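J.: Keeping their order, the protein sequence lines are chains A, B and C.
The first sequence lines up with residues 1 to 285 when you count with our numbering.
The second sequence lines up with residues 1001 to 1315 when you count with our numbering.
The third sequence lines up with residues 2001 to 2470 when you count with our numbering.
A few of these clues could be false.
[As the list claims (entries may be wrong)] Derived lysine-lysine pairs resembling DSSO-like cross-links, with alpha carbons at most 30 Å apart: (1) C/K2094 with A/K114; (2) A/K147 with C/K2157; (3) C/K2257 with C/K2102; (4) C/K2157 with C/K2445.
[Claimed, not checked] If you only want the chain A side, here are some residues facing chain C, beta carbon under 8 Å, derived: (5) N40; (6) F49; (7) L127; (8) R130; (9) L141; (10) I143; (11) L145; (12) S175; (13) E177; (14) R189; (15) Q191; (16) D229; (17) F242; (18) I247.
[To be verified] Where chain B lies over chain A, by a calculated footprint (3+ residues, C-beta under 8 Å): (19) 7 to 17; (20) 81 to 91; (21) 131 to 140; (22) 210 to 218.
These aren't lab readings, by the way, just hints derived from the structure by calculation.
Model, not experiment: these values are computed from the prediction.
Each residue gets a CB set at the ideal place from its N, CA and C atoms; glycine is no exception.
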Amino acid sequence: MLERRKAPVEMLRYGIILIVLLWTVFPIAWLILTSFKPANDIMVTPPRFLFKPTLDNYIHAIARSNFALFIGNTLYVSLLSTFIVIILASLAAYSFARYNVGGGNLLFFILTTKMMPAIAVVLPFFLIFRDIGATPIGEALGIGLDKRGALVISYTIFNLPFAIWLMVSFFQDISRELEESARLNGYNRLQVLWKVVLPLAAPGIAVTAIFCLIFAWNEFLFAYILTRDAARTITVGVESFFTLRGILWGPVAAAATISVVPMLIFVLVLQRYMVRGLTFGAVRG
Amino acid sequence: MPSTSMSAPQDSRAEPKKQRRAMSDTWFSVLLILPAMIIIAFFALYPLFYAINVSFRLADLTHGGIQGFVGLENYRTVLFDKFFWQSVGTTLFFTVFAVAIEVILGIFVAFLINGATVAKGLIRSLLILPLATAPAVTGLFWRYLYDTQFGLYNYFLKLAGLPQPNWLGDIDVALWAVIIFDVWLWMPFVALIVLAGLQALPKEPFEAAELDGAPYFRVLRKLTFPMLKPVLFLVIVLRTIDALRLYDAVAVLTRGGPGSTTETMTYYLYRQGLVFFRMDYASTMALLFLYAVVVAALFALRPLLNMFSARAGAR
Amino acid sequence: MKRNFKLLVFILLLASMLLTSCAQPTQAPVEEPAAEEPAAATGECKDEDRVPIAWSTIEGFYTIAMTELVADFEATHCVKVQVVGIDNSQLYDKQVIEMVGKTGAYDVVNLETAEKAEFAENGFILPFDDYIKAHPEVDYADVAPILADMTTQYKGKIWGLPYYTYTAGYFGRCDLFEDPTEQAAFKEKYGYDLAIPTTWQQHRDISEFFTRKTGDMLKGEPLTKDFYGTGLQAGRFQEIQDELSAFLWSYGGDWLKDDGTVDVENITKALKWYIDLLPFAPPNALTVNYNGVMDSMQDGQIAQTVGFFLDQWPNAVNTEKTVPGAKMCNAEAPENKAYIGGFLMAVSAASKHPNEAMDFVAYISGKEAQSKFSLMGGTTTRMSILTDPEITSEANRTKTGHFATLVKVFESMKDTRSNLFYTPFGAKIYNTLGPTLQAAAAGEKTAEQAVLDLAVEVEKICDGPCPINK
């Protein structure tokens, strides 16, 4: 089968792939295009493809609306929460994988915490962070309403169950012989984890990190409720272009384009791990 | 990578270590999960108990706040609310169709790419684009793209002489418009995962099958899909959980409209809880939802969990 | 491999911290009022001594205009005002949650007319009567009486001062009405002269008359795209209720009858009339609010509006720039009845600096600020400004061309007191009307069924008939 590659079949294959790619990329390409359009060329019929490009939308987005702050906040919150999640989840997942703490029940419980609709949980969170923010510890650590710490904690909690669940299977795929031989050679358990297991699980960790980042980056509801101004993130900040003069599509597009860039960088850097990572624990037996 | 120069311990430590080991294994395992569990316990259990508490009370935040017990009154109100059931139906319809289409198309695309020889890295990078832009933002753009007057989709359809539906204003079309958006967003995700699974398959069985002259579809049925089962299972579960909780796309594309045709459970919940501030209804609905999903998950995930326990227990 | 990733993470964390320390919160663009002379009143006011006040308001143009006015205020008061812009559809939720949590995060809030009763009833905001008595320069009597009543008064007390009004009138393409070819054709078909409609039947005739397909003639020229007789805000927003109010009140009906129950008969009648107009509006009417209608107008797709927010005049008049030959008119809505109301600026009960907050409210709604505001395109509620000959001169037509109409509307509607604005459940009802009625507009239900559903919903909300406290 591998040898019998007929040219027409191959052309068909690539043709379909091209169509899929076009379909996937088109809305984003249109978004980027719109970001360079002057305001009068956007809400018109028929749609305008030829126009004089301008940087006004970007200037508006950054200078007049604080978008740099929103991007900074989102970066900070996403990266930090993902970092914390990876550390905590690695430890916990290793424990579940090797020692099966609590049988499958504890693991199941952890997963179910993810199933609670966020809206019902948002008010208790609001109250918790209001109270923490009033304490000296809260002040010092920057945890409280309209503080980034609150979002970091919220996203950590959201991603933790999923990360643990995902990483359990990665750890289970690492052959125990390596760990056993390391133990025999005198390493204690922590050292085995640090020096043997984690490097082997690096692809799995990368995959988990990507998903956690994507989630935190795109999250809306908690950012909406827990922030007002100083800690606003991109997803909430985009709404600041909905004005009484109408939706400013140009700056929205510019803001959206700017905010894709960091995510793209991440994904491009990490995507080569994705293949290896996703296969761990997914395909065996 | 484990270093090759591992120093041998002193033998004098071998025996007492073995005895300490049996006890501190449990301690060690518990210690490892402790930080995660503490955080989960506090921030997940507290809101859960809060919600349970509120669901048994009268709680209208803009009329008296959280008040006294009303027993099962809220449960009765919610279960008899026809809008609630309508939102459940909408959610289920959306979940079934969106997940089915995403998975089927995703698998198809994964197979296509797997057989390709060039530009795999570029293709993978392009496929991740929809997810890299926040749905709350791209959703806004899709609203603009779907517009009957200013949108590009109807413009192209008109050029091609095809009918131009009122994507977001037609009660029969709107939910499909949301489904299409969701497919656009997540089909690449499914494709990437399945692709990774395909690329990790061992080569030997396939080469053997080829030598035996087995036809393509037989190979697929007996070899490829069974070996891909765990990946497919993972992807279906992940997408289903997320589809059941669909909120962002609805909030941004249709706000639950036209009429109530795209009002999913979580959007209805949002309106009850954060627009009407009826925290009693919102909490009750959330708990009912949680209960339903947990029960469903118990059935669906049991095989997966058994798998986990078995592998962890096998020592 | 892994090390590179960690490096990347640290670099990005660093970048984000640098970015965030460079960017300031929203008010950064406000110039330090160092150049202002009238700082004499406060003497040397150092930045650290300034009392912080947060003002939650609708995001957008008005917020930008406001930063200039805020700077003037900061020049004469030792206060630092932070303007927090929030999208209109989220303003209510965000403000309530801060009130319920008693955080005092927003010292000054913006409330819709229908929300005022709820906030007052819950003790979320402070009464203003004493302040007004102590500060006659507020000149409360200058506010148009009908607006003063509806926007600021509840249960015998005054709860704040008006910020601006979105009272509705009518916008039309007068160039179409004045075109001889169109006039002749219209007279032939309908038997009377084409002009700005004064009854809903005329409005309907005009809508029907001007709904044409690509290739048909308009003003003697063939159309390059479909044209529609009227714009409608029939999306699942609150604004559909705003438009329906015009019809409803012209029948003598109201959302709530005096006994607190839903006026099923009149609302059904209004809804049916509204649905009947949908074929004469662009298909996307079912997905839009005022943004969409203004976009359609400026793109030359519609001939007129129904009862529409007069404060959008600066947007509507822009059509004269975007559509060659267009001339925009504003007028009272047909039957002289349309949605009326405004935004109230109130002080939160949990505010830590209520005195300064009240000063700020008084300033923004005061004559000086409102005059500037009007010249920037805002719509004031102060009669003295609405009738000021210089402000309403022809030179300022693109900003204040609707003021004369607004004055007429206030006069016509001076006895209208919709029960909806005087019930403590007003906000909830207001948020129910949109989704429930839009279901009929979208064809999901019949008008009768939708209104019956509404009656059931409202009864649930009020737990019986709704109390009306006029």
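J.: Each hint: holds or not?
T.: Status of the hints after comparison with the structure:
no.	hint	result
1	C/K2094 with A/K114	25 Å, holds
2	A/K147 with C/K2157	37 Å, violated
3	C/K2257 with C/K2102	34 Å, violated
4	C/K2157 with C/K2445	41 Å, violated
5	N40	7 Å, holds
6	F49	16 Å, violated
7	L127	6 Å, holds
8	R130	5 Å, holds
9	L141	15 Å, violated
10	I143	15 Å, violated
11	L145	6 Å, holds
12	S175	20 Å, violated
13	E177	23 Å, violated
14	R189	21 Å, violated
15	Q191	17 Å, violated
16	D229	5 Å, holds
17	F242	4 Å, holds
18	I247	6 Å, holds
19	7 to 17	holds (count 4)
20	81 to 91	holds (count 3)
21	131 to 140	violated (count 0)
22	210 to 218	holds (count 3)
When the structure is compared with the earlier hints, violations turn up for hints 2, 3, 4, 6, 9, 10, 12, 13, 14, 15 and 21 and for no others.
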